[in-house]
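Engineer: Using the numbering used here, read the sequence shown as starting at 553 and increasing by one per residue.
Derived from the structure by calculation, the hints contain no laboratory data. Owing to the predicted nature of the structure, the values given are computational and were not obtained by experimental measurement. Here a beta-carbon is modelled for each residue, glycine too, at the ideal position from N, C-alpha and C. Incorrect hints may appear among the rest.
As the list claims (entries may be wrong) - Label pairs and their computed distance ranges (CB to CB):
no.: 1; residue 1: A676; residue 2: E743; range: 51 to 59 Å
no.: 2; residue 1: V784; residue 2: A702; range: 50 to 58 Å
no.: 3; residue 1: A634; residue 2: T774; range: 53 to 61 Å
no.: 4; residue 1: A771; residue 2: D736; range: 16 to 24 Å
no.: 5; residue 1: D736; residue 2: A628; range: 26 to 34 Å
no.: 6; residue 1: K604; residue 2: V796; range: 20 to 28 Å
no.: 7; residue 1: Q694; residue 2: Q631; range: 32 to 40 Å
no.: 8; residue 1: K817; residue 2: D797; range: 23 to 31 Å
no.: 9; residue 1: A708; residue 2: A634; range: 17 to 25 Å
To be verified - Straight-line Cα separation of at most 27 Å, BS3-like style, residue types lysine-lysine; simulated pairs:
no.: 10; residue 1: K801; residue 2: K657
no.: 11; residue 1: K735; residue 2: K817
no.: 12; residue 1: K789; residue 2: K817
no.: 13; residue 1: K703; residue 2: K715
no.: 14; residue 1: K657; residue 2: K789
no.: 15; residue 1: K752; residue 2: K735
no.: 16; residue 1: K642; residue 2: K789
no.: 17; residue 1: K679; residue 2: K806
no.: 18; residue 1: K820; residue 2: K735
no.: 19; residue 1: K806; residue 2: K820
no.: 20; residue 1: K703; residue 2: K817
no.: 21; residue 1: K587; residue 2: K639
no.: 22; residue 1: K679; residue 2: K801
no.: 23; residue 1: K587; residue 2: K758
no.: 24; residue 1: K806; residue 2: K657
no.: 25; residue 1: K604; residue 2: K587
no.: 26; residue 1: K806; residue 2: K817
no.: 27; residue 1: K752; residue 2: K806
no.: 28; residue 1: K657; residue 2: K679
no.: 29; residue 1: K758; residue 2: K812
no.: 30; residue 1: K801; residue 2: K604
no.: 31; residue 1: K604; residue 2: K703
no.: 32; residue 1: K679; residue 2: K752
no.: 33; residue 1: K801; residue 2: K587
no.: 34; residue 1: K599; residue 2: K587
no.: 35; residue 1: K801; residue 2: K812
no.: 36; residue 1: K715; residue 2: K599
no.: 37; residue 1: K639; residue 2: K703
no.: 38; residue 1: K820; residue 2: K752
no.: 39; residue 1: K642; residue 2: K735
no.: 40; residue 1: K679; residue 2: K587
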Amino acid sequence: MLELQRLAGNQAVVAAIGSWRNGRIVMGVEHSDLKLHPSAPPDGLGKMRALKNGQGILGLTIRSIEPSPPLLRPEAPVQTEAGWTCKTRKTRVPEPYFEVYWPTKGRHAVSPGITLDVGADWDAKLKQGEDEHVEDTTLGWQQTWGQVGAKVNELAQAPGPPKPTEAEARRDLWARFAHSLPKDLRPTGAEPSEEAQTAKWGFEPKTTLFRRLFDATVARDTRNWHLPGTTVEFDGKNEIRSLVDGSSKIGEVKSEDLIKEIRAKTAK
Numbered sequence: 553m554l555e556l557q558r559l560a561g562n563q564a565v566v567a568a569i570g571s572w573r574n575g576r577i578v579m580g581v582e583h584s585d586l587k588l589h590p591s592a593p594p595d596g597l598g599k600m601r602a603l604k605n606g607q608g609i610l611g612l613t614i615r616s617i618e619p620s621p622p623l624l625r626p627e628a629p630v631q632t633e634a635g636w637t638c639k640t641r642k643t644r645v646p647e648p649y650f651e652v653y654w655p656t657k658g659r660h661a662v663s664p665g666i667t668l669d670v671g672a673d674w675d676a677k678l679k680q681g682e683d684e685h686v687e688d689t690t691l692g693w694q695q696t697w698g699q700v701g702a703k704v705n706e707l708a709q710a711p712g713p714p715k716p717t718e719a720e721a722r723r724d725l726w727a728r729f730a731h732s733l734p735k736d737l738r739p740t741g742a743e744p745s746e747e748a749q750t751a752k753w754g755f756e757p758k759t760t761l762f763r764r765l766f767d768a769t770v771a772r773d774t775r776n777w778h779l780p781g782t783t784v785e786f787d788g789k790n791e792i793r794s795l796v797d798g799s800s801k802i803g804e805v806k807s808e809d810l811i812k813e814i815r816a817k818t819a820k
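Given these sequences and hints, build the entire structure.
Structural biologist: Okay, structure coming up:
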């Protein structure tokens, strides 16, 4: 960690510590990554639940990202025969990393005397539910950091039109950048500002547009869209549970619709 701090600074250390998941460090992810953990019976469900302190979950998607948002950082303006020009430096765009767990077909031990029988249909449906978390999060990222990073790196390719002064060249770069973004993602002010950018799409606080869209997928759980019901049969003294739809809406709500709803609420 000390060597990392010396080479890359405090933010990289924070990213390394903050992205520790299941015994591995996810740091400086350059491309979106997905690791699948199909959890087989008889102890797959129990091992998965142990990752959530014994909570009675039926699937788990761990989402991680380096907390370093893409930012526009102007280079020093350059004087040409026609006037002053300015362009931005290229920016890195960290991408999300996912670890996905779900119980596969078969009988899983829940507790002494209680077994959950996961049929082939529910094996597929529980996996689909976790896929929804991945899709929601990826779409939220695409509409924030992905879009901002693409625009910054586009502006880094060439300077803007010449202006009479250095200050005007910097302000022009900022204005072109800000007005290229959707209104709810547009930073305020006339001068380039890191604070204005992180206020819109910073990793903290959790109320930024980035965090609201990146975390929009949590609504699937808080609204019980991923909560099947169960039926119970007995095999002697043993309780055998099977899954039924219950309040589950797996496969019914598109990621585009959920993100659109959360984005509209954030804009109010």
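Engineer: All hints, please: hold or fail.
Structural biologist: Each hint tested on the structure:
Take A676 and E743: their Cβ atoms lie about 53 Å apart, and the range 51 to 59 Å holds. Look at V784 against A702: about 52 Å separates their beta carbons, and that is inside 50 to 58 Å. Distance hint check for A634 and T774: the Cβ-Cβ separation is about 56 Å, which falls inside the suggested range of 53 to 61 Å. Distance hint check: the CB atoms of A771 and D736 are about 18 Å apart, consistent with the given range 16 to 24 Å.
Between D736 and A628 the beta carbon distance is about 31 Å. The supplied range of 26 to 34 Å therefore holds. As the Cβ distance of K604 to V796 is approximately 23 Å, the hint placing it in 20 to 28 Å holds. The supplied range of 32 to 40 Å is met by Q694 and Q631, whose beta-carbon atoms lie about 38 Å from each other. K817 and D797 have their C-beta atoms about 27 Å apart, which keeps the hinted 23 to 31 Å range intact.
A708 and A634 have their C-beta atoms about 20 Å apart, which keeps the hinted 17 to 25 Å range intact. A threshold of 27 Å between alpha carbons decides the hint, and for K801 with K657 the separation of about 20 Å falls inside it, so the pair holds. Distance restraint check for K735 and K817: the Cα-Cα separation of roughly 14 Å lies within the 27 Å cut-off, and the hinted pair is therefore satisfied. For the suggested pair K789 and K817, the alpha carbons sit about 50 Å apart, so the restraint of at most 27 Å is broken.
Between K703 and K715 the CA atoms are separated by roughly 21 Å; this keeps the pair inside 27 Å, and the hint holds. For a cut-off of 27 Å, the pair hint linking K657 to K789 stands: about 23 Å separates their Cα positions. For a cut-off of 27 Å, the pair hint linking K752 to K735 stands: about 11 Å separates their Cα positions. Annotation: proposed proximity of K642 to K789 is violated, straight-line Cα distance about 65 Å (limit 27 Å).
Distance check on the hinted pair: K679 and K806 sit about 15 Å apart at the alpha-carbon level, within 27 Å; holds. Annotation: proposed proximity of K820 to K735 holds, straight-line Cα distance about 12 Å (limit 27 Å). A hinted pair counts as satisfied when its Cα atoms are at most 27 Å apart, and K806 with K820 qualifies at roughly 22 Å. Under the criterion of a C-alpha separation no larger than 27 Å, the hint pairing K703 with K817 is consistent with the structure, at around 25 Å.
Restraint check for K587 and K639: the C-alpha separation of about 38 Å exceeds 27 Å, so the hint is violated. Note on K679 and K801: the hinted pairing holds, with a Cα-Cα distance of about 13 Å set against a maximum of 27 Å. For the proposed pair K587 and K758, the alpha carbon gap of about 26 Å is at most 27 Å, so the pair holds. The straight-line distance between the Cα atoms of K806 and K657 is roughly 25 Å, inside the 27 Å bound, and the hint therefore holds.
Taking the CA atoms of K604 and K587, the gap is near 18 Å; set against the 27 Å cutoff, the hint holds. Pair hint K806 plus K817 holds up; C-alpha atoms about 17 Å apart against a cutoff of 27 Å. For the suggested pair K752 and K806, the alpha carbons sit about 25 Å apart, so the restraint of at most 27 Å is met. With a C-alpha separation of about 11 Å, the suggested pairing of K657 with K679 holds against the 27 Å cut-off.
At most 27 Å may separate the alpha-carbon atoms for a hinted pair to count; K758 and K812 meet this at roughly 18 Å. Among the hinted pairs, K801 with K604 is consistent with the structure: their alpha-carbon atoms are about 22 Å apart, no more than 27 Å. A C-alpha spacing of about 38 Å is found between K604 and K703, which places the hinted pair above 27 Å, so the restraint is violated. For the proposed pair K679 and K752, the alpha carbon gap of about 33 Å is over 27 Å, so the pair is violated.
A C-alpha spacing of about 24 Å is found between K801 and K587, which places the hinted pair at or below 27 Å, so the restraint holds. The hinted pair formed by K599 and K587 meets the criterion: a straight-line CA distance of about 16 Å does not exceed 27 Å. Distance check on the hinted pair: K801 and K812 sit about 18 Å apart at the alpha-carbon level, within 27 Å; holds. Annotation: proposed proximity of K715 to K599 is violated, straight-line Cα distance about 62 Å (limit 27 Å).
Taken as a hint, the K639 and K703 pair is honoured in the structure, with Cα atoms around 12 Å apart against an allowance of 27 Å. A threshold of 27 Å between alpha carbons decides the hint, and for K820 with K752 the separation of about 14 Å falls inside it, so the pair holds. Taking the CA atoms of K642 and K735, the gap is near 23 Å; set against the 27 Å cutoff, the hint holds. With a C-alpha separation of about 13 Å, the suggested pair K679 and K587 falls inside the 27 Å cut-off, and the hint holds.
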